[in-house]
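Colleague: Listed below, chain by chain, are the residues.
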Amino acid sequence: METKKFKRVDGREPEEIREMRAEVGVVPNADGSALFAFGDTIAIAAVYGPRKMHPQHEKDPEEGTLRCNYNMISFSVAERVKPGVSRRSLEISKITEWALRPVLLIKKYPNMVIDVYINIIQANASTRCAGINAAALALAHAGIPMKGLVSSISIGKIDKQLVVDVIKEEEDWEEGEGATDIPITMTQDGEITHIQLDGKISKEDLKKALELARKATQKVYEVQKKALKESLRG
Amino acid sequence: MKEKIEREVVIPGEVLAKGEEYLPGEGTMKKGKEIISIRYGLLEESNKLIKVIPLSGVYEPRRGNVVIGKVEDITYYGWVIDIDAPENAFLPLQEVPKHLPKTNIGDILDIGDMIIAKINGVTKRGIDLTIKMRGLGKIEEGIIMKINPSRVPRVIGKEGSMINLIKRESGCNIIVGQNGLIWIKGKSVEDELLVKKIINFIAERSFVNGLTEEVENFFKSERK
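Quick note, the sequences are listed as chains A and B, same order.
When you line the first sequence up against our numbering, it's residues 1 to 234, in that order.
When you line the second sequence up against our numbering, it's residues 1 to 224, in that order.
Mixed in with the good hints there might be a few duds.
So the derived list for chain B, only partly shown, Cβ under 7 Å to chain A, looks like this [stated by the list, open to error]:
1) Ile-11
2) Val-15
3) Ala-17
4) Arg-39
5) Leu-43
6) Ser-56
7) Gly-57
8) Pro-86
9) Phe-90
10) Pro-92
11) Ala-203
12) Phe-207
Capping the alpha-carbon separation at 30 Å, the derived lysine-lysine pairs in BS3-like fashion look like this [said to hold, decoys possible]:
13) B:Lys-70 - B:Lys-31
14) B:Lys-146 - A:Lys-59
15) A:Lys-107 - B:Lys-51
16) B:Lys-220 - A:Lys-108
17) B:Lys-132 - B:Lys-196
18) A:Lys-219 - B:Lys-146
19) A:Lys-107 - B:Lys-31
20) B:Lys-18 - A:Lys-108
21) A:Lys-94 - B:Lys-18
22) A:Lys-229 - B:Lys-70
Worth flagging that the hints you see were computed from the coordinates, not collected in a lab.
Computed from a predicted structure; not experimentally measured.
Glycine is no exception: its CB is placed at the ideal position from the N, C-alpha and C atoms.
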């Protein structure tokens, strides 16, 4: 086998994450808010609540409810996104809820809802991961009791090479085996709260991908931690 | 201006202490042998009891709290009051002092009126209020401002030291609702606005040490 070094479209190393940026308190009117960016993928999350559940029939008298809303702003990509709810945005909203719910301790808030609004203001793939990272930060910033944060990263398989933090050009790869996209969300202990897979991958490669994700989410966690700890120092 | 932060900022999931000798207090949880934080806030430790004081969050009503609220609706049995908590509170007709005229319920308190009330009880069905005490009842004059409820203890200070300082320096009458709403009544609007400015100043720096001196200096510079 040839040992030629794999070259990524933007010159990154296979395990290199784009420059990350995190900030909390970006939406003054929300109870908690955060921004998270992987390079030019930028997500803003705002948390409201716990507050009264509307519509009332969706109330859960046993425990609090988490309700996420993922939205891509129409100017976030080169071709204008039609505003409003789409099949894709609905799916990602649900996925985000499932990724975050295991770390929340909201038994104390029966009949109430915690609303999370995620807006992607600029997109270059991995938007759901940026959205989940921003949402986790915003929930902590809003003072919601949590077991810990979650960190999310997308692992890709470009032809035969595993890469961390996929960009648009890699997502659309068609040569060789094509592209496989695996967004993964983990707690800081390495427990998986969310994993999706779009494409084809062997068992061995998936195991390797999880290992990569474990390392990468630690790096994401450090950035999140820093953002929360330093927000007071202004 | 140099600002010192005495207490450590902790985030959810952070390990605060290891070992059996520590006790988990508010805002913390036991996980195996470790005590972890479940809130974003400031770490406090006293007598091996570890607590996290939250920096944010909505108001959680407790019995005995004095709150400021707005009349949202009138029913046959009393008033529905919005106290900026996840649930509305209820002020029953019986909890109104006897000397008030009972001709028309809307004459006592109308929709949109602001009141100072005390929480009589928090049950699964809701929050009950009372205004049967001195100092409680309808707000007729002055201004009302809002801060984050987690900053209220800092505005009041240890045994009321901070709020008494502000009252003394400004000559204003101030009532701090535990839900973060604050009523200010002074001799002039300027006085009231000055107090508002100071309270916002405190709320923004609620994590800073030696805030009392800073507030004293603030008054001195404002008085010039």
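Colleague: Evaluate each hint against the coordinates.
Modeller: Evaluation of the provided hints:
1. Ile-11: For B:Ile-11, the interface hint holds, since the closest Cβ of chain A sits about 5 Å away, which is under 7 Å.
2. Val-15: Since chain A brings no Cβ nearer than about 10 Å to B:Val-15, farther than 7 Å, the hint is violated.
3. Ala-17: 16 Å, violated
4. Arg-39: 6 Å, holds
5. Leu-43: Hint on B:Leu-43: violated, closest Cβ of chain A at ~12 Å, above 7 Å.
6. Ser-56: 4 Å, holds
7. Gly-57: Interface hint status for B:Gly-57: holds (3 Å vs cutoff 7 Å).
8. Pro-86: Holds. Min distance 5 Å.
9. Phe-90: Since the shortest Cβ distance to chain A is 14 Å, the answer is violated.
10. Pro-92: Where the cut-off is 7 Å and the nearest Cβ of chain A is about 21 Å from B:Pro-92, the hint is violated.
11. Ala-203: 13 Å, violated
12. Phe-207: 6 Å, holds
13. B:Lys-70 - B:Lys-31: 42 Å, violated
14. B:Lys-146 - A:Lys-59: This hinted pair holds, its Cα atoms lying about 29 Å apart.
15. A:Lys-107 - B:Lys-51: 20 Å, holds
16. B:Lys-220 - A:Lys-108: 45 Å, violated
17. B:Lys-132 - B:Lys-196: 28 Å, holds
18. A:Lys-219 - B:Lys-146: Violated, because 38 Å separates the two Cα atoms, which is more than 30 Å.
19. A:Lys-107 - B:Lys-31: It holds: about 18 Å lies between the C-alpha atoms, which stays within 30 Å.
20. B:Lys-18 - A:Lys-108: 26 Å, holds
21. A:Lys-94 - B:Lys-18: 36 Å, violated
22. A:Lys-229 - B:Lys-70: Violated: A:Lys-229 and B:Lys-70 sit about 36 Å apart, past 30 Å.
Hints 2, 3, 5, 9, 10, 11, 13, 16, 18, 21 and 22 from the earlier list are contradicted by this structure; the remaining hints agree with it.
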